[in-house]
Structure formats: structure tokens, C-alpha cells
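K.L.:
Next come the chains, spelled out residue by residue.
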Amino acid sequence: MVVLVIALALFFDFTNGFHDTANAMATPIATGAIKPKTAVALAAILNLVGAFLSTEVAKTISGGIINEGGPNGVAITPEMIFAGLMGAVLWNLFTWLLGLPSSSSHALFGGLIGAAIVGTWSFGAVNFMVVISKVLLPAILAPAIAGLVAYLCTRLAYGITRRSDPDSGDKLTQKRGGFRRGQVFSSSLVALAHGTNDAQKTMGVITLVLVASGLQTAGTGPHLWVITACAIAIAGGTYAGGWRIIRTLGSGLTDVKPAQGFAAETSTAAAILASSHLGFALSTTHVASGSVIGSGLGRKGATVRWGAIGKIGIAWLLTLPSAAIVGGLAALLIRTGTVGLVIVAILGLGAILFMFYRSQREVVDHNNAISDVDAVGEALNIPSKKEREKLAAKARAAQKVAEKAARRAAETAAVRADAQTALDRADTAVLKAMTKAAAQAEAPKDKAKIDAKKGNK
Amino acid sequence: MIDWFGFVIVAIVTLVGAVFVVTMYSLGVRLDAVSDDPEANSPGAAKFGSYVCFGFSILAVVAGIVLIVPPFYKAAMHVFGVEV
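Residue numbers (the numbering used here), protein chains in the order written: chain D, 1201 to 1657; chain E, 720 to 803.
Keep in mind the hints are simulated off the structure, nothing from the lab. Since we're looking at a predicted model, the values are computed, not measured. We put the CB at the ideal spot given by N, CA and C, even for glycine. Incorrect hints may have been included.
What the hints assert, rightly or not - Quick list of simulated restraints, FRET-style, between CB atoms:
(1) E:Val-735 x D:Lys-1604: 52 to 58 Å
(2) D:Val-1203 x E:Lys-793: 31 to 37 Å
(3) E:Leu-786 x D:Arg-1588: 40 to 46 Å
(4) D:Ile-1543 x E:Val-735: 50 to 56 Å
(5) D:Phe-1328 x E:Leu-778: 38 to 44 Å
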């Protein structure tokens, strides 16, 4: 049983690498900084190395989230973990097939939590405090931090390298292409960081199984063979996932400029490495996406498509609960005994093979193959230089038309004013004439009266 | 309990680390461009300056990795005579 769980855990690690290869390498491949094959190999090696570097996250998983043993804890059985893993793996593959952005990490947590809750039929199985402080809060804050830092760094990078001839004001060579070479290093850093954070999770799960089945004392870190196995699994998955990417290049990637990509990746790497050190289990997908958005906003003229961001946010929020439901269902089946276990195993295997088969057949294109980070790029609308100039020209033309209209309106108003004055004058003149005429009409009458009087006399 | 201080540390470290590396690298790129100008004053100095900047950025990355990897961290502190 334990062996089965370990095998499934390693497979999850494999799918994790599969899913996340592109997060590190998408931007340098997009800007042409590195050849796709080299990028994939590099990512695989660095994930391997990264997995060995730090074990803090594994300790969080194995010791923190689920209360195992002890007077307050509940008995976590390997079967439960099996269910949880099954939930995570299925959800991972499902979203990968559909091209939905999903965090492998949240899938894992969700699956485990769901399985633990259903398996022990109590909410006490899960230490929600740890879930909130080490999973949910980082999930919100880390991308925000990375995004903010990426925004600043992009502005810095562009600002520092902006040169203009002091005399003529023309732009001199800026050689921002130098950032391309830097991108190779920064994305290597991200791959390394990914190894320190993501391989750890599987290590934590395997350690959890070992503890739960009494083969290891609670509270200790992962064994060396566990570390090695997980490192190899994630590196293998990274390498295998790369071929899918290579197949689709040339179908239009997100518009990322070298300087922007460099800033984004450096921020991502820094955030992930710092968090791994503290044992925060992060989703590299979330952090990388946050950086891409932040750095995109740092470019001139960028606007945000809030609708797309809303969609992405919702998908992120749903991952943990969804995986929890699948894990819970699997646990439910397993509760019925060994028969249930066999059913789950067979169903799971069938589902995995089915999805794999479907993936080979369907059209691999920009939308579902490259990476979730790439999909995030759709959320921003960064007009290229040509587009910016077009927009500016349009604005100027619109302004000219507005000025013309204003002028014409002013002319019309002036003409009307003149007409009004003329009318007024005419009115006054008529009035005067009428008054005069009336006066004269009065005057002869008086004169006639006086004459008449005179005549009578 | 929620480790707020941890978040603050992550924020600060991310900010300082990323900003430092990006600034150094950007300066390197800029100096590199200056040195390639046809009417540059001292192309050699600019080129040298750019390499220094690149060196700083690489140094920062290495320092970060040393800080994070426990064995490296212990070895480095040992060099400074501090037992961890």
C-alpha cells in the first residue's frame, strides 16, 4: 500500500514538472534568448538541483497541515493519502488537458485536505490555521509582492537603460537586447526556485505516508532517498513536458520584451526562493503570473483587461476546492474497504490513460500548450510602439477635429451675437420712429385745437 | 499563528534582491551601450564598468543561493568564524 502511494506521489511530481516547465522557460523562449531544447534541458537539470537545496517546504507538508498522530490528531492512513494524491493527479491532468491555468500545489493540498476530511469524517483532521497561514495567505500575498516588485524592476530597467542624445534628443543605441542573455540566467533561477519549492511538496507527502504508516517518526525531515526520487521525478517531468512546448513554437507567443522578462523572472525567483526558505508552500504558477502582470504594467501604455484577470483569479480560487472534492470522492470510495481502493485505483489509472491518449490526439496550440504564465499575458493589453504611435496620432487628430468644431461654434455664436445686436438696434430705431410719429401726430392735433380756439376768438 | 513577520521578510528580501540584481544588470547594459557609441569618450572604461556591474548582479545571485542552502550557509558562516 505504502509502495503504491509512493509510486503515485512520484507520478504526481512528474505531472508537476510537466505542467510547470514552461513557467520558467516561456519568456526566454518567446524572446529568442534560448533555444527550446536547451531551455527544457536546463530547466530539468535545475529543478533536479533545486530539489536538493532546501527542505523547509517538505516539513510544512509532512508536519503542518494534517494533524497526524498525537492525542488531538487523527489517524491518517496511507489509503487517505492515496485518495488525496489521486484527486490531485486527476485534477492536474484534467486542467492540463483543457489548458486551464491551475496550480499543481493547490491541487495537491486540495486533494489531501478533501481526502483527510472525508476519510476521517471530521474537520479536525486538518490544521486549518496552517492551511491559512502557509498556503492560502501566501497564495494571495506572494503574487502581489512579486507583481509589485516586478513592476518596480521593469520601470527601473527601462529607465536606467533609456538614453537620448543630449543635443538632438534622439534615442541612442540602448542595446536592451543584452537583457536576453540575462534572461537565460534569470529563468535558470526560476527553474532552480521551482525545484526548491515544488519537488518539496511531493517529498512532504511521501514523508507523510511514511509517518502515517509508522515507518518514520513524526517531526523528522524527509529521507535522502525520498529527496532523490522526487528530484528525479520532477526533472523527468520537466524534460518530458518540454517536447509539447517545442512542438508548438511559432504559433505566436505573448509579446514579452527581454527587459520586461528579465525583471519578471528575477522577481519571481526572488519571491519563491525567499518563501521556500521560510517554508511557505507557494504556487510557482501564481507567483510567475503575478510577476508577468506586474512587469507588463511597468511598460509604457499598458492597460489591463480586467475581465481576463477576473477569469484567471476565479480559476485559481477554484483549484483547491475542486481538487478537494475529487480527493474527497476518492476517499469516500476507499472508505468502503479494499474493494473501494481497487475501484479507485482502476478508475484513476483509466482516467490518466484516457487523458494521456486525448492529449496526443488533440491539436496542440498556443492556448493549451505553452504555459499558464503565457495565458496570463493575454490579460494585459500592451500596445507595441507602432500601436502606441497610432493611438497617439488618433488622439491628435481627434483633438484637431474638436478644435475645429469649437472654432466653428464660436464663429456661429459671434455671427448670432452680431445679428442680435443688429436686431436690437433695429427695434430701438423703430421704437424711436414710432414715438416720434406719435408725438407728431399728437402735436398737429394740439396745433389744430389751438388754431380752432384762435379761430373762434 | 500567522507568521506575519515572515511575509514582511519575504517582501523585503524579494524587493531588495530583485531591485539590486536588476539595477546592476541594467547599469551593465547601459554602460555596454555607451562603450559601443561611435563618439564615446572612453569606451574602455565604460566596457570595464559594465563588466563590474554584471559581476555585481551575479554576485548577488550567488549570495542569495548561499543564504538559502543550509550547507552552504553553514560553510560560509564558518569562514567568517561564526558557528551556526
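K.L.:
Are there hints from earlier that the structure breaks, and if so, what are their numbers?
P.N.:
none
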